[in-house]
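Chains as they are written, first to last, in full-length UniProt numbering: chain A, 1 to 616; chain B, 1 to 102; chain C, 1 to 499.
Be careful, since some hints might not be right.
What the hints assert, rightly or not - What follows is a list of derived Cβ distance ranges for each label pair:
id: 1; chain 1: B; residue 1: Arg28; chain 2: A; residue 2: Val607; range: 49 to 57 Å
id: 2; chain 1: C; residue 1: Ser273; chain 2: A; residue 2: Gly214; range: 42 to 50 Å
id: 3; chain 1: A; residue 1: Val607; chain 2: B; residue 2: Ala73; range: 22 to 30 Å
id: 4; chain 1: A; residue 1: Pro27; chain 2: C; residue 2: Asp361; range: 33 to 41 Å
id: 5; chain 1: C; residue 1: Glu101; chain 2: A; residue 2: Val447; range: 55 to 63 Å
id: 6; chain 1: A; residue 1: Thr51; chain 2: C; residue 2: Asp361; range: 41 to 49 Å
id: 7; chain 1: A; residue 1: Gly214; chain 2: C; residue 2: Thr447; range: 53 to 61 Å
id: 8; chain 1: C; residue 1: Pro360; chain 2: A; residue 2: Ile48; range: 32 to 40 Å
id: 9; chain 1: A; residue 1: His203; chain 2: C; residue 2: Gly55; range: 31 to 39 Å
id: 10; chain 1: C; residue 1: Leu41; chain 2: A; residue 2: Pro27; range: 41 to 49 Å
id: 11; chain 1: C; residue 1: Ile412; chain 2: A; residue 2: Tyr549; range: 19 to 27 Å
id: 12; chain 1: A; residue 1: Arg581; chain 2: C; residue 2: Asp443; range: 40 to 48 Å
Rather than coming from a laboratory, the hints here were simulated on the basis of the structure. Ideal Cβ placement from N, Cα and C applies to all residues, glycine included.
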Amino acid sequence: MLDLIWLLPTYPLLGFLALVLTSGRLPKKIVGIIGAGSVGLSFLTAAIIATQFLAGGEDYFVKEVWAWMAVGSFTPGFSFYLDGLSLVMMLVITGVGFLIHLYATGYMADDPSFSRFFSYMNLFVAAMLMLVLGDNLVLLYLGWEGVGLCSYLLIGFWYTNPANGYAARKAFIVTRVGDTSMAIGLFLLFAQLGTLNIQDVLHAAEAEWAVGSGLAIAAALLLLGGAVGKSAQLPLQTWLPDAMAGPTPISALIHAATMVTAGVYLIARTHILFEIAPSVQLLVAWIGLITVLMAGFIALTQSDIKRILAFSTMSQIGYMFLALGVGAWSAAIFHLMTHAFFKALLFLASGTVILSVHHEQNIFKMGGLRKKLPVSFASFLIGSLALTAFPFTSGYFSKDEILLAALEMDGPGTILWVGGVLGAFLTGIYTFRLFFIVFFGENKGHVPENEVGGIHMNGPLFLLMILSLVGGFIAIPVESVFSHGEVHEEHHVSTLIHGFMIAVPLIGIVISYLFFYAKIFSIEKLMSIPISQTLHRFWFSGWGMDWLYDRLIVFPFLWLSKINKADLIDSFYAFIVKFARASNAMIVRTQTGYIRWYALSIAAGLVVLISIGVLL
Amino acid sequence: MESIPIEHGLILAAILFSIGLIGVLTRRNIVFVLMSLEIMLNASGLAFIVAASRWGHAEGQIMFLMILTLAAAEVAVGLGLIIQMFRRYKTVDINELSEMKG
Amino acid sequence: MILVWLISILFVGGIIAWLSERINPAYPRIIALITVVLDLLLMLSVLGSEPNAGGWIASVNAEWVPRFGISFYLALDGLSVLLILLTGFLGVIAIGSAWDEIKERAGFFYFNLLWTLAGVLGVFTALDLFLFFFFWEVMLIPMYFIIAIWGHENKNYAAMKFFIFTQVTGMLMLVSILMLAYFHLVQIGNLSFDYHDLLRIEMGNQIEMWVMLGFFVAFTTKLPSVPFHSWLPDAHSQAPTAGSVILAGILLKTGAYGLIRFAVPLFPEASLSFAPIAMTLAAISILYCAKVAFAQTDIKRLIAYTSVSHMGFVTLGIYAWNEQALQGAVMTMLAHGLSAAALFMLAGGLQHRIHTREMPDMGGFWVKVPRMAVVALFFSVAALGMPGLGNFVGEFLALLGAFQANIPITVISAFGLILASVYSLWVIQMIFHGEYTDKKIDDSHLTDLNGREMFYFGAMMLGLVWMGMYPQSFLNLSQPVLVELLNNTQSIFAAVVQN
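With the rest of the complex left out, here is chain A:
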């Protein structure tokens, strides 16, 4: 049965092909069955494979399907590698992916491009599975680019609006910057180690490179470049909020649960490389922490429901990076999984809200939706609690592990811990700000008649609610993968500090409650202070990063293109032509048409020649 692992990406790929080749001629019902069914089949297969694999007790399993190419010593194959890490990833992708597909059959039911939507979605799942199952970095890169392409296609799904096209291109190009860095990293690894098979690379790197050597640092940095691009971390984070232009199930699947966590997966997968480059690993932690805080502050000021969730995603992935940076590999993957549950839940629930209020996304035009939208309310409540790490929800366990790991780290661990706790505090505030504004108070815009739903849409929500609540009790089988360098086995932290950690997000929730529910503190009063206005503007614009990049990169590039549309080099050849024409114009004057003039010049020439001959 393990041999059938190649079926995992094949089902959605076949679904994609079927939908593309029939190009919208199938009835929606059948499209839905193919689209969601193929992923469902994948999930079933994945579940069976997972049980067998875990029962078998092997550390890993490799299945080569066919040799991709063999050029000299460069021999990547289409081969799949299964171990605890890819097992978790594959179950999350197919499982959460299936739920989101199911939800989407309801959410997208009225869209004329229903079939196109599911073809892209299926292609995405296939590519994502390639990414996590590939046993070599080239196959991983194939999935990596494939998910980027699908992300582009799905963000720009409603292509008639140029703004969506812009967001889609921005997402693709910004991540491509990271991808290119990663590609260079692959070149470096191959040039130095002579292979791109992940396990071989890791073993060779460990054997050949000293800890902290230049090559190790360069390789880890280049891979990190790819990871920050895909996972929307500083400094390549600007594409994620704009990516919310896509349909909401996309935001749930690609921009919350799976694709954006690919960077975390990459670093976890190549963690040995980062261990022998400690400075880069520390950089990962700092990038994570800064992103946690930056995104947290931005989320405080946003008014678009999906953008708030997008910044929250960015911030939560920051936690995963923080975990990776402090060497808590399994905590990062654990948080990746729980985050996939509760963030998918939040996004899908926000989809229901948005549909119910007729495509309104501004939270200040909602309000009081608690009664009208009970399922969304429940989903948001559970999702928000998990997101803020409310005790015994799934998010609590994973975030707790990350912060404890940071605390126990030597050196800058304490600062990282303080930052992480501050981030958790911010999470409490912005999450419940959204929650209170949307579901409590008075309605200030559309009053929904009834909640959009049905079993397609509510079923996945219920399942995700359960997973968000109890997902923390799932034990992920990644010990064998990280046994090598896992730092933390048992945590020895005083109950006081632990209690403090639990309390901080709750304080955030309380503050949010006082501001946005009880209205004991007034947000208007706070905003009347000049400094908070400035800060608000600054945070609202995402710390001005878009502004900065526009001026540093985009505008100069556009300007250069504009001034050189006619191609500078061509003007050199144009100069040759002009020169030839000018000399022609000069010589042509001697052609007067008078025979006598010609005869005279012949005679004169003759005289000159003869006299030269005579004189010499």
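With chain A fixed as given, assemble chains B and C onto it according to the hints.
Relative to the frame of chain A, chains B and C by itself:
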């Protein structure tokens, strides 16, 4: 037999040639231009004859015969062209015929 | 003998196509199609045969002008097979793209088309340098007519520019070829234009560099590479679609083929010392032309500049001169042959339908022509180097190999991957995305791709997927040839490095 010194013959040829050249360069009537050309041809013919008699070779005379035929042919073609030209342009002034300028 | 057949079928077919126009104007295209399909079948029949000891699958060597050591020497190895198959395949596609477009003087058009193809086949198989030069010119002149007669508004300028660029640099190559033959006369005692004879020539460093440059300039003009690229945008924007297909798909590849077959093996030492400059030019081509491409509003000019950019990867791979890089160059040649030809066909199809190439006049076409949009998306994505499609294999291998030869230039060139996504997606945005509103254009003929077009594009898509998912079937053919070339130069390089 007292022979004419070669210099005299050559000087005569040179003078004839110059007269012809000046005629070609200054006359505007194409008939005169053609006649001047004949003078130049004859000048070169004369030079050949003189040289031939100086060296006692027959080649010079052969060359002169060739020049003679050439001149005859040239006059035939040239006059034919002049008649054509006169018919088409109603003029024998060569300055009127400067269409082939750049 | 089969090689003579391959080429003469095209020559004869061209003449018959021309003459048949008098009987019925619809005949030339049918005859041309039959001729090329016949040729393609003949090429496929070669595939099965085993190469002989020297690695040649088929060869013919007859005396031509024995007094000057010129022979009629054609030979086929794995590298040539790949390229003549590409030629045959794109030949069929080009005739398909001209099927409805060329109405005037169709007989002469197909005559020129077939003769160009014949010239290209000759270039890909000739192993006598004089013969090579002969075919080099044979493919040039009919192409000139194709642009000059059936081109668009500015065709005379473009055709003349194309002709002068290729002719002048071709002359430089002729001088270099004659120099080689002369050196053979001096050293061995007789004139020879035979490739194998000339490989043994020894020259002084200085003179070798100059002779090599003659070849290099001719080949990089054809390729093209900065700074000899500026004929290409004009030629492409003015050429009829079939002309663009042949030009981008095949003719450019003759330049790359020449570099691999002649420029480096004949002058290994000069090439080694010249490699950094060539690779720098390649990097400039990649980045500079990608940037210029982005600025274009004329869709064909844009694709032409992207061609230059992609060909930069080929130059980069060739001058890195190791197995991965060379295989990458070869794969890029094949994959770009398909993807660029397809993009030009799409652009030509659009121009045929709405009579403009200006992208700002377009927009929102997805609604009107969804099939065309999907096809365009596929080939744009292929062009930007999506893994799983042929272009990725080529460019990735080229960069992977180049990295081992020259790290800074490879890193700089890799930024071309980013710029490729910038312009590719911009094209899709400009033409297909956005709202379909009233345009300045006449859209009454804006119809979706018909069955015949879908068939051609489908075949090219399959080709790209095949190249991307199982490139081994192509790599296996070129591998022995490239390894042989590498081995031949290895010892010389080693000697140079030691000194």
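Indices of hints not satisfied (ascending):
1, 2, 6, 8
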